[in-house]
Amino acid sequence: MSFESFAVRDGIRVRAGLVAAYGPQVGSDAAAEALSYGWEHWDRIGEMANPAGYLYRVGQTAARKARRATPIADTVEHASIPDVEPALIPALADLSESQRICVLLVVAFGWTRVETGELLGIDESTVRTHLRRGLAHLRNALEVSTDVH
Amino acid sequence: MSTDLDDQLAMYGRWLERRCGTDLHAPEPGKIALSPTDVASRSVNDMEVATPTLQPRRRLLLAVAACVVIGVGIAGLAVANRQSSAPPTPVNDAVASIDPPGSLWVLPDPVDRYQLLNGYSFTSRPDPESDVESFAPNGLLLGVVDGAGYIGLRSISMYDSSPIVNGDWSPVDTPSGPAFVTNEPAVLVAQQRNDRWLLVTTSSETQLALDLLDVVSIDEQNELDVDVDVDDLVVIHRYVVSPADVGYTASFQALTVDQSLLTVETATASTPLFPAAGVAERIEPTQINGARAWIATRADPEGEWNALVWSQTPNRIVAVSGQVGLDEVTQLALRLRAVDETAWKLALPDATAD
Chain A
1 MSFESFAVRD GIRVRAGLVA AYGPQVGSDA AAEALSYGWE HWDRIGEMAN PAGYLYRVGQ
61 TAARKARRAT PIADTVEHAS IPDVEPALIP ALADLSESQR ICVLLVVAFG WTRVETGELL
121 GIDESTVRTH LRRGLAHLRN ALEVSTDVH
Chain B
1001 MSTDLDDQLA MYGRWLERRC GTDLHAPEPG KIALSPTDVA SRSVNDMEVA TPTLQPRRRL
1061 LLAVAACVVI GVGIAGLAVA NRQSSAPPTP VNDAVASIDP PGSLWVLPDP VDRYQLLNGY
1121 SFTSRPDPES DVESFAPNGL LLGVVDGAGY IGLRSISMYD SSPIVNGDWS PVDTPSGPAF
1181 VTNEPAVLVA QQRNDRWLLV TTSSETQLAL DLLDVVSIDE QNELDVDVDV DDLVVIHRYV
1241 VSPADVGYTA SFQALTVDQS LLTVETATAS TPLFPAAGVA ERIEPTQING ARAWIATRAD
1301 PEGEWNALVW SQTPNRIVAV SGQVGLDEVT QLALRLRAVD ETAWKLALPD ATAD
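If you're matching them up, the sequences are chains A and B in order.
Numbering follows the numbering used here, with no gaps: position 78 of the first sequence is 78.
Numbering follows the numbering used here, with no gaps: position 61 of the second sequence is 1061.
Worth double-checking, as some hints may not be accurate.
[What the hints assert, rightly or not] Straight-line Cα separation of at most 25 Å, SDA-like style, residue types lysine to any residue; simulated pairs:
#	chain 1	residue 1	chain 2	residue 2
1	A	LYS65	B	GLU1304
2	A	LYS65	B	GLN1253
3	A	LYS65	B	LYS1345
4	B	LYS1345	B	ASP1023
5	A	LYS65	B	GLU1017
[Unchecked claim] Computed from the model, here is a short list of chain B residues facing chain A with C-beta under 8 Å:
#	residue
6	ASP1168
7	SER1311
8	PRO1314
Calculated from the structure, these hints are not laboratory results.
C-beta atoms are modelled at their ideal positions from N, C-alpha and C, and glycine is treated no differently.
All chains, please: the whole structure from these sequences, using the hints.
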């Protein structure tokens, strides 16, 4: 597979995962760095069984450096987002990183559980667990919010 | 506004795409051939993520220090409430010879000079199922000489059982065999060698950790042996962990009048240099009030990060850090006083504990 073919589909998945994990700013920058690294080293990375997972980890390393300066609570931006229930944003920030990635990749971006697990290096069953727990937390948070207001 | 959770998440996803200026959605089926999935069965990755995501940065030192006690045997010391009425003593006037019975609690003096935030403490107790006798309590901190200090910091510890206790670990092939990598709380690489496990820690570059696995071995005396002729590596420190260790940690943040944010942490560790490998790019020895200390630094995108770290007792370290100048770090370090747990909790009434 050429890098171009990889980037068309799996590059988006790498970017989606990093944005879900680290927010739009740090995640996008990390994805750019990871895909740039992938393009430069495609001879080696293209032979790997899971190049998307490898480049996701490259992106994690880049994001980690940048994130040192950014509180994790900012991963999910507390901006006012039209049509989005305000309680959703802090509830997403409360999730574990894995739960948040699984929820956003599967539900918000439409990736399959297998594709999400491949990216994160975890089993589909683990993705399912993160997803179930993450969604339960979000539902609970939104219901609580509704009750309060 | 839709109240359906899926709709809400979809709208948030579209907002993220607009913020990023790029598509993050999976392509529609049929437009692009699906790549074959290759999800091997990896039981090691099935573990639940237990690492809290809030405020990970201030917990870096603590989390890495807690790695010391992974795999250690029976629970030992009990946390004792220290309610002594003795006057506070500077934590850094001299190194005490006895560990406190629990956490080392510290506060700045005067306490109202800073706004104190985010108090947190936790105790990590060893697995009672672990075989104490077979625990191999030793490790090395390595680096490359850089002037008066060291760069390229890496620590390696040996355990009798898998150190993969939580977090997301990914398998990786190395010349010395299969290993597992995670990036939280630092870059950690774990590898099994016969009936032992090696755990390499470094601050950022996974390759630094992987390179170390290539040159480390376990000798006939069951101790770590490193080929230090490779890459100009030197052994900075050899540390030993007591099998009875329980990890005690406590931390808070201190906000100055000009809004500089510093973090103060105390943790169980036999050397302040052990956690340094997980957070710092460079260390340099110094002194603070006569006690041997280390300056740890790294270059962050938004400015230099500085830390001062020292051993207050044989097995308790103190770290003061922040994205501030070394002068501000030093000022706070010099003001720290040992207090009892009650005083600490009074100063940090919203503190949480695990």
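Hints versus structure:
1. For the hint linking A/LYS65 to B/GLU1304, the alpha-carbon distance of about 12 Å falls within 25 Å, and the restraint holds.
2. The hinted pair formed by A/LYS65 and B/GLN1253 meets the criterion: a straight-line CA distance of about 21 Å does not exceed 25 Å.
3. For the given pair, A/LYS65 sits about 32 Å from B/LYS1345 by alpha-carbon distance, which is inconsistent with the 25 Å threshold.
4. With a C-alpha separation of about 48 Å, the suggested pair B/LYS1345 and B/ASP1023 falls outside the 25 Å cut-off, and the hint is violated.
5. With a CA separation close to 23 Å, the supplied pair A/LYS65 and B/GLU1017 stays within the 25 Å bound.
6. A distance limit of 8 Å between C-beta atoms decides the matter here; for B/ASP1168 the minimum to chain A is near 6 Å, and the interface restraint holds.
7. With a cut of 8 Å, the hint placing B/SER1311 at the interface with chain A is violated, because the nearest CB-to-CB distance is about 25 Å.
8. Interface hint status for B/PRO1314: violated, as the beta-carbon distance to the closest one in chain A is roughly 30 Å, over 8 Å.
Checked against the numbered hints above, the structure violates hints 3, 4, 7, 8; every other hint is satisfied.
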